[in-house]
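A.B. asks: So the chains spell out like this:
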Amino acid sequence: MLKNYALVIEDDEDLSSIFTKALQTSGFEVEAILDGQAAEQRLKEIVPSVIVLDMHLPHVGGATLLKQIHSNEAFKKTRTIITTADNVQAEIYRDMATIVLIKPILFSQLRDLSARLITV
Amino acid sequence: MMNTLQNLWQRVNLFENASADDARRGRLLNTMLAGMLVLGFLALIFTITILSINASWDKPGNSLILLTLVVLISASLGLFFVNQRSVNFASFLFLLVLTLVLGFSDSPSEVANGRSSFVFFIPIAISSLLLSPVSSFFFAFGTSSIVILLSYVADVSVNVPIIGGLFFLALISWLSSRSLEQALRDLRVINTNLDNLVTQRTQALSDALSRERIESGRNQAILNSIADGVIVFDSDNHSILANPALSRLTSTSLENLIGIDANQFINSGQISEANREMLVEFIKHPEKNTSALRVDWGKNTFSTSIAPVQTSDHENIGTVTVFRDITQEAQLERMKDNFVAIISHELRTPLNAIMGHAEIMKEAVYGPLNEKQLSITQRIMVNVTRLLSMVGDLLDEAQIRAGKLSIAPQEFRVSSLLENLHNSMDKTVTDKGLSLVSKLGDGIPAQLVGDPQRIQQILFNLVGNAIKFTERGAIEVNIDRVDADNWKLEVTDHGIGIPENELPFIFDTFRQASHEVSTRQHGGFGLGLSIVKQLVELMGGHVYVKSESGKGSTFTVSLPLKTSLL
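Note that the protein sequences, when read in sequence, are chains A and B.
Each residue of the first sequence is one higher than the one before, starting from 1 at the first, in the numbering used here.
Each residue of the second sequence is one higher than the one before, starting from 1001 at the first, in the numbering used here.
Just so you know, these hints were derived from the structure itself, not from any lab.
For clarity, every value in this text was computed on a predicted model and none was experimentally measured.
Take the hints with a grain of salt, since some may be wrong.
The following label-pair restraints were derived from C-beta to C-beta distances [claimed, not checked]:
id: 1; chain 1: B; residue 1: E1548; chain 2: A; residue 2: H70; range: 54 to 60 Å
id: 2; chain 1: B; residue 1: P1409; chain 2: A; residue 2: D112; range: 25 to 31 Å
id: 3; chain 1: B; residue 1: G1403; chain 2: A; residue 2: H70; range: 26 to 32 Å
id: 4; chain 1: B; residue 1: R1379; chain 2: A; residue 2: V88; range: 45 to 51 Å
id: 5; chain 1: B; residue 1: E1346; chain 2: A; residue 2: E91; range: 20 to 26 Å
Glycine residues also receive a C-beta, built at the ideal position from the N, C-alpha and C atoms.
The shape of chain A in the complex, shown without the other chains (with noise of 0.2 Å):
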């Protein structure tokens, strides 16, 4: 698992620099990616310790990938943050994520959110 090291994938571009300034502000290194099909590829190369997930993605939903991490050993101690509009469906996968986020996100969030998860 790769230390201090945040994947976000966020199909909006606003959202995802500024999801990706508040964890980089908080100390992590972090990589975004902008499709859900993208993310499936990378997830197979690499093993964030944080994972910033949008559950509404082109090409290959949020849930997939999610479903997909909870159920890989790999990422047994990646914690995931789901981050979800809709209020439905942050009750369904409340139990594979490690935090549910409800849009909209503040910055000051989500950057306070992500310090507390930095392994010195």
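Fit chain B to the supplied structure of chain A, relying on the hints for placement.
C.D. replies: Just chain B, lined up with the frame of chain A:
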């Protein structure tokens, strides 16, 4: 033979053109004549038989008897005919003949002053009945004259007591006949009145019946032309009335709708199980259901309302159910809800981006800002927060209306509700120069079971509302226990309050108490309280408000919450 006689008898007794009294007298004369005829015939047969047996035809008195009988029969028949022409004349003739016959019925001395003198009572008595009451005096005079005449003929003294007796009888006959005629006249008047009454009543009844027919025809026409479906169930829940609109709306023939059982009727439609149960309950207990029920029936959506049918003495004899087709309205509403949901979701993403970027600037991620830049960045954030909260309200409202918002009970820390409240609201409160005071009641357990997010949202909305409408003083938040299973959240402010006439509508969608301050001044869609009410009701609780204009308001939410998941 009998029939012919009977018809003949009826014909001679008709007296169509005579007055009622004359007809009665004519019939009485007919009866007497008939009696005499029968007696005459019987006497004739008897006499002929006796004379044949004794072979005594040649005795001079016998032929006289026979002749008298023949004259009697002929006179009777003759009088029948006269009677048809003139009752009075026939009666007079009859009485005259009777008097004369009686005058010769015995020796002149016996008739004048002996045992036969009383035979004259007969014409006097009969005349009062046959002619007129007063004619009895005329016949008393006539018969008295005969008695006096015969007294001279027979050379006997005039019997004054007999003449007195004849006049006394005439008096009695006159009185009794007069009373009889008066009684008959009265009876006739009564009869006539009775006849008129019967005619009037018959006419009235016939009028009422035709009115009823017209009325019921008119009611049927009205019922037939109503666009809403109408069905009436009797107290046994069998339909007794339905209109063509219902037949059209439910695609069931009108004949099949009459006499149908309420359950059968509901089961005949394509309705969801939940709607079916609600509708059955609705029809069976009309007294409990005052507001309309929305039912999806096949492809249609109906607004269903029901009322008990009561007689004038308040006896329930059934129910009337009205189905209004609101399919189009329901479709529009669904479209609107979807539209709102999509729009608010799509609005949120860019707003979230603006917010994030502003925050990055404010947090000096790319280097420190000067005072002016910081202030502007903060203004951006405040306004975006307002926009986000409005969009959030719209989305919540749309989700609640679409039935998509569910309550997820879980154990939560009660104190965290107040902590989150302070974290989010303290700054806004102090910025406005207010204070937020919260209190957790004694004996509140550390944990309760409920949907913390939704309860938090209720508190946010109520406190947000209080901040919006308060200019000074404290906003107080209390969480307390009501009883074993019920808990109370109370938010009190000392703001502008709500006028009494606005209180009933304060929880309506898109509503803000409109006095003095406009929606524009306070911002928001006026959805906050509506969402609170709907969330509270989703959780099985109640919300109510006490308010005094100018002094402030207290919103109380009572929620049934368990203390543990088990």
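A.B. asks: Now look at each hint and say whether the structure bears it out.
C.D. replies: These are the hints, each one checked on the structure:
1. A hinted range of 54 to 60 Å for the beta carbons of E1548(B) and H70(A) is consistent with their spacing of about 55 Å.
2. At about 28 Å, the beta-carbon gap between P1409(B) and D112(A) stays in the expected band of 25 to 31 Å.
3. Separated by about 29 Å at the C-beta atoms, G1403(B) and H70(A) satisfy the suggested range of 26 to 32 Å.
4. With their beta carbons about 34 Å apart, R1379(B) and V88(A) fall outside the hinted range of 45 to 51 Å.
5. Look at E1346(B) against E91(A): about 22 Å separates their beta carbons, and that is inside 20 to 26 Å.
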